[in-house]
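K.L.:
Listed below, chain by chain, are the residues.
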Amino acid sequence: MSAARSCPFLRASILAALILATSPSLPRAEQPADPGAGEPSLSQECRVPGAQLYTAAKLGAVRAALAEKRPIKLLAIGGSAAPGASASYPAKLEAALERALPKVDVVIDHRGLPGEIASGAAERLRTMVVEAEPDLVVWQVGTHDAIARVDAEAFENSLSEAVAWIRSHGIDVVLVDPIYTASMAADADYNRIVDAVRTVATQQQVPLVRRYEALHYLSSRTDRGEGHILGRQFRLNDLGLRCMAEHVALTIVTSLGRTETPTEPKVAPASPPLTGTQRAPG
Amino acid sequence: MRDPNAIDFWRGFALITIFINHIPGNTFERYTFSQYGISDAAELFVFLAGWSIGIATRGRDGVPEPPLKSVVRLLNRTVEVYRAQLVVMLLALAIIAGAALLLDNPLILEWHNAGGFFADPIQSVCGMALLTYQLGYFNILPLYVLLIGVAPVFVLVGRFSLLAALTLSGGLYLASLVFEWNVPSWPGEGDWYFDPLCWQLLLVLGFVLQRWNGRSDVLRRWARRLFPAGIVIVVAGIVLAVTEIRPDPMLVPEPRLLFTFEKTYLTPARLVHFLGVLLAFAPVYALLAPRIGRIVGFLTQLGRNSLAVFSMGSILSLVGQLVRFQTGGGLLIDMLVAGSGLIGLGFTAWFVEWRTRSKTPRPRP
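Residue numbers (the working numbering), protein chains in the order written: chain A, 1114 to 1395; chain B, 21 to 385.
Only true hints are included.
For the chain A half of the interface with chain B, some residues (derived, Cβ under 10 Å), not all of them:
1. D1222
2. G1225
3. A1234
Hints in this document: simulated from the structure, not taken from any laboratory. Glycine included, every Cβ here is placed at the ideal spot set by N, Cα and C.
Make a model of the complete structure from these sequences and hints.
P.N.:
Pasting the structure below:
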């Protein structure tokens, strides 16, 4: 049918753009801010200004685990959990976290969660959480619901309920919103789902990795994203996953930084930072 | 060709419900009975498969066929279902990959757990043959392969004692719940979406109840007596589903699977609810059949050809999801998707029967 209608000629698979962004020929002056300043843990090709990368919130359970000097049990949910090409995400996340938190042991359990949050997957998530008994759930959420055209409000309600449930059991949550891809950038439903994830993160006061914004930023630094999606998709996956792991680690570490001083008044109730750059890129 | 009967009717009904429910977010989803209870169409489908085994392994006169013949018959069916699963998986992956290419959208590749296949084809193709790699919404056929594959054990034990077959099955079910046994997925973390060690109980229950039903009138008498209990359970299920009240899996006592509502493990609450639905709705067919002849004819035709219709339904629901994705959905699109899906399912059933007819050497009267 209308193959090309919804995705004009911007064939930029994000990840394609990502690799190109690493090209040394790119003028660094394009960057609006010095992204490296506050984020020394990010490698050069993954650097994004902090405001476009995350919103921090308290991580009480992880902080407690650190205080007790026991390993942090992390349940990573979403994305492909298969070995091989995609297996690198948990390993990369573990490496990034252990680099950022020296002397801390992080144990990661990675599970895929196919299906829609608004119809059934939220229930399966509960089972996974019960089985894994983690300190922290890092949840890549929203893509399936967006593709299935699930009503954004129904999605938001289910997600909010699920996050509240996890937190009610003393487990921390970090949300990771859907990825940016040029073919979906103008899609209203997709943007509504991205917004819904942010809304839930704000309401539930959980840290959010703004993957959509971050990848959009990275991909906008080049216009050479053309190409055959399959070939690029899988060659580039690796870098995309590495950036995501670094972004998640940075969000966790920043959030932990704000958790360690409980007496400090109103450090990060998660809402002020959210009001930043919330535009839907076209 | 079998005449219309309750089993094929309900099987056709379950097939349509599964088709609609496998297009998440569509308008008609909320009108399926799955939204108004603890159990859903998957239970009905597996139970009826067990019931059909009871019918198929016995001649018209009610005399059981030789044991070896039953074993070979079930082996034959296992091969058929396995073959269907492979074909359906291949087509689903091709449709997902084709849609990603055509729509120029890499996100589609990650849909329904398909990303694992494209990222790790070497492991995944082995997993596909082993049935341990499954796509989301494509988990029933692998369960079905395994269940029919082990069915000969229960059928043979049932020759000596139906109670022994049921006890064996129930014991395995309880142990799996208590010890949380499941078959692992591979590649990828996690377990099967439908735990065959638990779901086998429903198949065996269908088989055993069919036999008891055929032997004497006792089962039917009890079903009539328990009809009010069925109604109470159905109403309770509706209330729980609508109010979204369910046990918190973190707070229930151990062993927790005895108390939760998890579909994966066919937990006792789901089983009890399904039996309630069975009691409450068993008499409905006799009431409906004379009144809605055409619909009965349509549904029973689907039910008679359940494997082909189910396979086609899986593919059509995936296509329906893609159509909804590309067009943005909406009532009109949903009507189009559901309507053409139903026509497609009806055509599939008709086509299978036509093929069977045209293969027979002499035309039937």
